Amino acid sequence: MTGVSTRYIGACEGNLNFDRADIADLGINTYRLYGGMSRWEREDDDGAYGLPTIAQIKANPDVIPWEQWDAVMTNPVGGSDYAFSGTPAELWQGSARTIFETLKQNHIRPVLTIRNSDPGWGPNWALQLNPPRTKDDWNEWWEHVFATAYWLNVRNDYHVDDFEIHNEPDNRQQGWGGNQADYFELVRVAADAITYVYRTYLPERQFHIHAPKTIGGSQWPADTLKTVPAYFDTINVHNYDRDISLYVRRVRTWMRGTVHARSPLWLGEWGTYTGGYNSLNFSLNLIKNMIRASQPGDTYVYGSHIFSLYGWGRNSDFEGLIDADGRRRLSYYAFRMATRALQGGRTVLLSTPTSSDTLTITTRDETGNVYVLLVNDQNSPHQITIDVSQLNLSPEYTLWEFSKSAHDVVVAHPQLNEGKASFSSSAQSAYLLQLTSNT
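Residue numbers (the numbering used here): 8 to 446.
Where hints are given, some of them may not hold.
[Said to hold, decoys possible] SDA-like, lysine to any residue: derived pairs with alpha carbons at most 20 Å apart:
1. Lys411 to Arg343
2. Lys295 to Gly352
3. Lys233 to Asp199
4. Lys142 to Gly223
5. Lys411 to His389
6. Lys65 to Tyr208
7. Lys295 to Arg206
8. Lys233 to Asp248
9. Lys411 to Ala434
10. Lys65 to Arg206
Simulated from the structure, these hints should not be mistaken for lab results. Keep in mind it's a predicted model, so treat the numbers as computed, not measured.
Full structure from sequences and hints, please.
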């Protein structure tokens with residue numbers, strides 16, 4: 008045993024669809040959503056800017072107009088919870104309530120972004136608190152964060168216990184109008200509101216605050232760890248690198264020597280926000296990055312969300328693993344196969360690949376079953392031999408293949424020979440072996 012694999016593997020949402028069948032088929036256990044004022048408070052909920060005050064809410068949370076929150080969460084404008092984004096005719100039809108109920112029923116861990124402004128710099132009324140500066144501004148921000156956490160978990164019981172504070176605050180195109188110091192104060196006030204909800208109404212339940220939610224390569228994580236370490240417990244960054252391990256190592260270097268040296272590290276976005284999900288080479292590289300993220304040490308990632316499961320508009324560059332017509336792109340199958348092998352914090356066993364051209368990882372689940380995932384992204388086939396003779400496994404195993412011609416399909420049920428699995432891997436391919444415990 009050398010460590011454990013990534014515990015939570017999931018995807019970011021997209022506005023074209025939401026379907027429990029896709030989530031179940033992928034086998035993911037976490038889902039990321041972009042909340043905030045443009046989605047659930049398109050107009051100041053009570054029409055009186057700066058009210059209610061923080062003190063008034065603490066004295067009586069019913070000063071918040073919950074009938075408006077119930078309406079927007081249950082019967083959204085135009086029938087879609089994604090009315091804040093995209094062309095109405097293209098949007099998935101359904102409510103936030105449906106999304107959160109579905110996630111809870113399927114034991115999917117939601118991770119929710121809370122923000123005052125989105126990439127379109129909406130809603131208009133909230134521009135005056137972007138960034139918050141006055142007491143009235145902070146009252147509005149505190150109320151929105153409180154109302155979001157309270158509606159989801161006190162007024163309802165959806166177990167939305169992971170909160171990200173804004174999205175890429177170091178990237179002005181994502182809608183944050185302040186500087187770094189302003190962002191740190193945004194985090195502090197949001198943390199105060201969330202903490203108040205849980206300590207007052209849900210004292211037995213754990214919650215998690217993710218920060219700084221920055222772009223790949225950003226220096227902000229180092230500053231956040233130094234300046235506001237008390238206001239979050241989870242480090243969450245974005246990383247679209249071809250090899251995610253380089254920046255992950257850098258972030259872990261910053262984490263060392265701080266109170267967050269052992270805190271969970273998440274990749275809130277990875278994969279691609281342009282194109283590539285129909286490319287075989289790109290798909291194989293996704294598997295390689297998932298292996299890197301599950302390897303113990305400085306490349307280890309506790310949880311991740313690939314961007315994105317569905318697209319954001321039919322003509323958008325944000326294509327998603329599933330296209331606008333429901334067709335699953337090639338990378339969908341690569342992602343599914345790797346998730347089957349890695350998700351859930353499984354024991355990672357020491358693996359020695361038979362070829363330097365293959366990247367390999369071996370995991371063992373709670374029942375004792377062993378999974379061997381390997382990638383050959385070279386242009387030539389390789390003969391693979393895997394020795395599992397020390398693991399007390401049944402002789403028959405299942406072999407999946409991902410390649411140009413086989414999209415995460417079972418291609419054989421071979422037998423071990425003296426505790427060894429041997430097969431030929433085709434060029435540009437990945438394989439998953441599942442071996443059943445004999446105990």
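Notebook entry, point to check: Tell me, which hint numbers fail for this structure?
Noted result: 4, 7 and 8
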